[in-house]
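The listed protein sequences derive, respectively, from chains A and B.
With the first letter of the first sequence counted as 1, position 202 gets the number 202 in our numbering; the numbers rise by one all the way through.
With the first letter of the second sequence counted as 1, position 236 gets the number 236 in our numbering; the numbers rise by one all the way through.
These are calculated hints, taken from the structure and not from any lab test.
In this text, a Cβ means the ideal position worked out from N, Cα and C, and glycines have one as well.
Incorrect hints may appear among the rest.
[What the hints assert, rightly or not] Once the Cα atoms are required to be at most 35 Å apart in a straight line, the calculated DSBU-like pairs of lysine-lysine come out as:
(1) Lys128(A) <-> Lys242(A)
(2) Lys137(B) <-> Lys75(A)
(3) Lys71(B) <-> Lys131(B)
(4) Lys137(B) <-> Lys222(B)
(5) Lys75(A) <-> Lys128(A)
(6) Lys319(A) <-> Lys222(B)
(7) Lys242(A) <-> Lys131(B)
(8) Lys222(B) <-> Lys242(A)
(9) Lys319(A) <-> Lys104(B)
[Stated by the list, open to error] Pairwise CB distance ranges (calculated):
(10) Leu68(A) <-> Pro49(B): 48 to 58 Å
(11) Gly269(A) <-> Ser139(B): 23 to 33 Å
(12) Ala105(A) <-> Phe24(B): 20 to 30 Å
(13) Gly91(A) <-> Leu195(B): 27 to 37 Å
(14) Leu68(A) <-> Thr44(B): 50 to 60 Å
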Amino acid sequence: MSSRFSGSAAAVTETALPARRLRRSLGSRLASGAAPYLLILPACAVIGAVLGYPLFFMGRLSLQHYGLFQLIRHKGEWIGTRNYSHILHDGLFWHVVFRTLAFTAAAVSLTMVAGTLFALLLAQLGSKMRLLLTAGLIFVWAMPVVVAVAVWSWMTDFEFGVGNWLLTELHIGNFNHHDWFANTWSGWAIITLLVVWGAIPFVALMVYAGLTQVPQELVEAATSDGANPWQVFRDVTLPLLKPIFVILTSLSIIWDFQVFNQIWILLSGQPPPQYFTMSIYAFTTSFQQSEYGLGSAIALVMVAILLVVSFVYIRQMVKIGDAE
Amino acid sequence: MRTGRARGIALNAVALLVFAVMVFPVYWMVSTAFKPGRDIFADTPVWFPIHATLSNFGDAIHRPHFWADVKNSLIIVSVVVAMSLVLAFLAALALAKFRFYGRKAFIILIIGVQMIPLNALIIPIYLVLSKAHQVDKLSGVIVTYLTFVLPFTIWTLRGFMLGIPRDLEEASQVDGTTRFGAFLRILLPLIGPGLVATSIFAFIQAWNEYIMAYVLLHDPSKQTLTVWLASFTGDRGTAWGPLMAGATLTALPVVIFFVAVQRKIAFGLTAGAVRG
Numbered sequence: 001m002s003s004r005f006s007g008s009a010a011a012v013t014e015t016a017l018p019a020r021r022l023r024r025s026l027g028s029r030l031a032s033g034a035a036p037y038l039l040i041l042p043a044c045a046v047i048g049a050v051l052g053y054p055l056f057f058m059g060r061l062s063l064q065h066y067g068l069f070q071l072i073r074h075k076g077e078w079i080g081t082r083n084y085s086h087i088l089h090d091g092l093f094w095h096v097v098f099r100t101l102a103f104t105a106a107a108v109s110l111t112m113v114a115g116t117l118f119a120l121l122l123a124q125l126g127s128k129m130r131l132l133l134t135a136g137l138i139f140v141w142a143m144p145v146v147v148a149v150a151v152w153s154w155m156t157d158f159e160f161g162v163g164n165w166l167l168t169e170l171h172i173g174n175f176n177h178h179d180w181f182a183n184t185w186s187g188w189a190i191i192t193l194l195v196v197w198g199a200i201p202f203v204a205l206m207v208y209a210g211l212t213q214v215p216q217e218l219v220e221a222a223t224s225d226g227a228n229p230w231q232v233f234r235d236v237t238l239p240l241l242k243p244i245f246v247i248l249t250s251l252s253i254i255w256d257f258q259v260f261n262q263i264w265i266l267l268s269g270q271p272p273p274q275y276f277t278m279s280i281y282a283f284t285t286s287f288q289q290s291e292y293g294l295g296s297a298i299a300l301v302m303v304a305i306l307l308v309v310s311f312v313y314i315r316q317m318v319k320i321g322d323a324e
Numbered sequence: 001m002r003t004g005r006a007r008g009i010a011l012n013a014v015a016l017l018v019f020a021v022m023v024f025p026v027y028w029m030v031s032t033a034f035k036p037g038r039d040i041f042a043d044t045p046v047w048f049p050i051h052a053t054l055s056n057f058g059d060a061i062h063r064p065h066f067w068a069d070v071k072n073s074l075i076i077v078s079v080v081v082a083m084s085l086v087l088a089f090l091a092a093l094a095l096a097k098f099r100f101y102g103r104k105a106f107i108i109l110i111i112g113v114q115m116i117p118l119n120a121l122i123i124p125i126y127l128v129l130s131k132a133h134q135v136d137k138l139s140g141v142i143v144t145y146l147t148f149v150l151p152f153t154i155w156t157l158r159g160f161m162l163g164i165p166r167d168l169e170e171a172s173q174v175d176g177t178t179r180f181g182a183f184l185r186i187l188l189p190l191i192g193p194g195l196v197a198t199s200i201f202a203f204i205q206a207w208n209e210y211i212m213a214y215v216l217l218h219d220p221s222k223q224t225l226t227v228w229l230a231s232f233t234g235d236r237g238t239a240w241g242p243l244m245a246g247a248t249l250t251a252l253p254v255v256i257f258f259v260a261v262q263r264k265i266a267f268g269l270t271a272g273a274v275r276g
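Kindly produce the complete structure, drawing on both the sequences and the hints.
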């Protein structure tokens with residue numbers, strides 16, 4: 001089983017032209033050995049320059065005092081690990097970490113549960129209805145985040161927003177001129193709804209794609225053995241779809257943990273501290289308070305937390321990437 | 001039989017409800033964009049744009065800097081996509097067609113760097129670019145966008161190349177063509193649709209990006225369309241009609257492209273994950 005482009009080419013030459021093979025072998029072997037490295041070299045160089053260097057620079061920054069004065073001189077002032085000890089003793093930092101974790105947990109579980117339910121619904125529908133729902137989900141998925149935020153800020157507008165009108169009409173309460181962002185809890189509810197709404201289509205369509213690959217015989221066998229639909233889902237479908245669920249859950253965690261645009265634009269670029277997530281805290285510390293060193297330290301703590309989740313995701317992806 | 005039919009009706013009703021709730025924000029954006037002001041600022045919402053008008057679109061495109069920002073977005077996106085595609089094509093070829101020492105490390109690198117949050121990276125990137133006098137220049141944004149477009153493009157193109165049957169390449173070599181000839185005649189036409197789909201997806205990613213452009217471009221005539229739209233959103237006492245028209249225009253190219261290629265790309269992400 002020669003699965004290599006060059007290897008199989010060599011095998012063909014070997015049987016057809018034994019004499020020429022000897023003359024060529026050293027040169028062509030060197031060439032085909034170097035070829036993949038030459039091919040990835042440009043991409044590696046660019047990734048190193050645009051990603052590797054900034055990462056290294058961020059690590060350095062986090063050990064420096066880098067304020068407005070240093071910004072003008074383009075030179076930081078080394079202060080060791082003082083940025084880190086500062087944030088570890090900063091009450092707001094811990095609040096922000098826990099809030100980010102709580103938001104991520106809420107948004108990811110809502111997304112995964114709703115997405116899976118929608119996928120199961122899709123699998124039960126007739127072909128026309130399924131096409132309609134799939135098309136709707138794809139439209140939502142295609143919405144650029146900035147556009148989605150604009151629409152949601154219109155729907156939740158305190159004066160003419162359709163949300164307040166609907167809730168008042170349904171007699172859930174008097175929401176006339178209700179400002180959703182005056183109260184932190186209701187503000188976060190809107191942010192979570194917006195993020196979950198945007199994330200559901202991807203999860204639903206991926207899980208549905210996985211469901212269509214579950215062998216029907218297995219489901220029928222389990223049903224004829226007397227399993228109810230819930231048992232079929234738990235004991236047949238779920239184990240088979242586990243790789244997909246691992247990938248989708250870790251991706252959702254990674255995306256929701258670093259949520260920025262939705263909060264930033266909904267609150268007009270001036271979110272008060274009770275709307276800070278880790279990425280917003282790192283951002284405002286850097287760009288509004290001009291404490292770039294401190295901001296980098298916060299951002300690196302965020303990257304470190306994400307690294308743990310990414311590990312699960314990358315392991316699963318490498319398994320798939322290597323399987324072929 | 002009757003319970004089966006009742007179940008079918010109930011399922012369809014639930015599906016319709018889900019459809020309505022999910023699609024409503026999209027519908028509300030488009031319908032608001034076509035409504036005259038008196039229907040937008042109404043105490044009872046007007047559900048259909050019965051007095052449809054294009055005046056909101058006129059207001060949106062005549063707002064300052066709209067056309068300049070459209071042009072900037074197009075320049076940035078085209079250069080980023082072209083550069084990524086060339087670099088990614090070579091790297092994906094190596095990943096899909098060769099086994100080599102360090103291949104796995106390269107795969108981990110490609111997937112791993114996509115996990116680094118852009119809003120963390122923007123801090124050092126801003127400082128590095130400001131030192132190099134690349135703030136407020138499209139070139140700075142272009143370089144920055146490569147950080148997320150390039151790894152994604154490599155990974156996706158690799159998936160498309162894996163889909164090409166090896167027998168085809170080998171058959172052409174037995175016929176006596178050189179490897180490069182085989183590559184041009186066989187591989188390139190086969191990878192064509194994959195290249196198109198990948199570049200469209202790269203286009204969408206770069207077009208939608210907000211935070212990098214927001215930090216790196218200050219001059220309103222040098223910004224991108226997403227920054228233009230977001231600054232519009234932040235206004236208090238917002239002109240909702242023109243804003244929804246602007247949002248519709250921003251989303252339009254993305255939605256058209258996305259609907260065209262989403263099947264091809266999206267499922268590549270988890271393809272092969274379920275193997276019974």
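(request) Quick one: which hint numbers does this structure break? Sort them smallest to largest. (result) Of the numbered hints, 5, 6, 7, 8 and 13 do not hold.
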